[in-house]
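Here the structure of chain R is known, so what remains is to put chain V in place on it, guided by the hints.
Keeping their order, the protein sequence lines are chains R and V.
Quick note: the first sequence, position 81, residue 81 per my numbering, numbers continuous.
Quick note: the second sequence, position 77, residue 77 per my numbering, numbers continuous.
Honestly, the hints are just simulated from the structure, not real lab data.
Every residue gets a Cβ at the ideal spot worked out from N, C-alpha and C, and that includes glycine.
Any given hint could be a false lead.
[As the list claims (entries may be wrong)] Covered by chain R, per the in silico footprint, the following chain V stretches (three or more residues, Cβ under 8 Å):
#1 15 to 21
#2 46 to 57
[Stated by the list, open to error] Here are some chain R residues the structure puts well away from chain V; computed CB gaps all over 10 Å:
#3 Thr26
#4 Gly41
#5 Ser46
#6 Tyr62
#7 Thr63
#8 Gly103
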Amino acid sequence: KNQVEQSPQSLIILEGKNCTLQCNYTVSPFSNLRWYKQDTGRGPVSLTIMTFSENTKSNGRYTATLDADTKQSSLHITASQLSDSASYICVVSSGGGNKLTFGTGTQLKVEL
Amino acid sequence: GAGVSQTPSNKVTEKGKYVELRCDPISGHTALYWYRQSLGQGPEFLIYFQGTGAADDSGLPNDRFFAVRPEGSVSTLKIQRTERGDSAVYLCASSFGGGGTDTQYFGPGTRLTVL
Numbered sequence: 001k002n003q004v005e006q007s008p009q010s011l012i013i014l015e016g017k018n019c020t021l022q023c024n025y026t027v028s029p030f031s032n033l034r035w036y037k038q039d040t041g042r043g044p045v046s047l048t049i050m051t052f053s054e055n056t057k058s059n060g061r062y063t064a065t066l067d068a069d070t071k072q073s074s075l076h077i078t079a080s081q082l083s084d085s086a087s088y089i090c091v092v093s094s095g096g097g098n099k100l101t102f103g104t105g106t107q108l109k110v111e112l
Numbered sequence: 001g002a003g004v005s006q007t008p009s010n011k012v013t014e015k016g017k018y019v020e021l022r023c024d025p026i027s028g029h030t031a032l033y034w035y036r037q038s039l040g041q042g043p044e045f046l047i048y049f050q051g052t053g054a055a056d057d058s059g060l061p062n063d064r065f066f067a068v069r070p071e072g073s074v075s076t077l078k079i080q081r082t083e084r085g086d087s088a089v090y091l092c093a094s095s096f097g098g099g100g101t102d103t104q105y106f107g108p109g110t111r112l113t114v115l
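Chain R with its partners taken away, still in its complex shape (with noise of 0.2 Å):
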């Protein structure tokens, strides 16, 4: 069965720090792997998507890495916010890309 695993759960941090958000998966075929950022009441909205050949993405302060052999990523925040907290959550598709099996998510929680 495919899965995407995240850790950790959830993470507090002061705003201005640095975080990284680490995502391991079983997807077979594996097609890409996108991080979404999803704050409360709100639909996921898209970071950053890699595709096999790809090692790094950056969108502003996010940049998430892709390691195909080991089948893990991470999503590096840099210089946080305190809109930054919301639940991010990695996404792996699998076959023609279309079905994606989503991860539980990281709740970041950024504090004065």
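Here is chain V on its own, set in the frame of chain R:
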């Protein structure tokens, strides 16, 4: 509208009733997806439309769930004989071409509560 919209935003129903959830995708998007998100979990794939046809309905949990997209734009997710376990947020997403790397844009979801 500029984004994906879903109605109603909240739906409370009694066990055994029938419900319909509506999704208006972004104009011009040919692909439409339905997901279900339980509390504290990531979204779970239900069904994917390419145009008017269901390209992949392997995520529908049982035959009480059905979805249509008759004109290739608006979609309706239909749940018959609702059960308490159906309570969740139902998310709809659309993408331009349905390709594997196309970004899926999500709506705000419909929170379904079955009493």
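Hint-by-hint comparison with the structure:
With a cut-off of 8 Å between beta carbons, the segment 15 to 21 of chain V has 0 residues touching chain R; three or more are needed, and the interface restraint is violated. Three residues within the 8 Å Cβ limit are the bar, and the segment 46 to 57 of chain V against chain R gives 3, so the coverage statement holds. Chain V leaves Thr26 (chain R) outside its interface by the beta-carbon criterion, the shortest separation being 15 Å against a cut-off of 10 Å. Non-interface status of Gly41 (chain R) relative to chain V is broken: a Cβ of that chain comes within 10 Å, the nearest being about 7 Å off.
Distance to chain V contradicts Ser46 (chain R) as a non-interface residue, since its nearest Cβ pair spans about 5 Å, not more than 10 Å. Interface exclusion of Tyr62 (chain R) from chain V stands, the closest Cβ pair being 15 Å apart, more than 10 Å. Consistency note on Thr63 (chain R): stated as away from chain V, and its beta-carbon is indeed over 10 Å from all of that chain's, at 18 Å minimum. Non-interface call for Gly103 (chain R) relative to chain V: violated, since the shortest CB-CB distance, roughly 5 Å, does not exceed 10 Å.
Violation of the numbered hints given earlier is confined to hints 1, 4, 5, 8; the remaining hints are satisfied by the structure.
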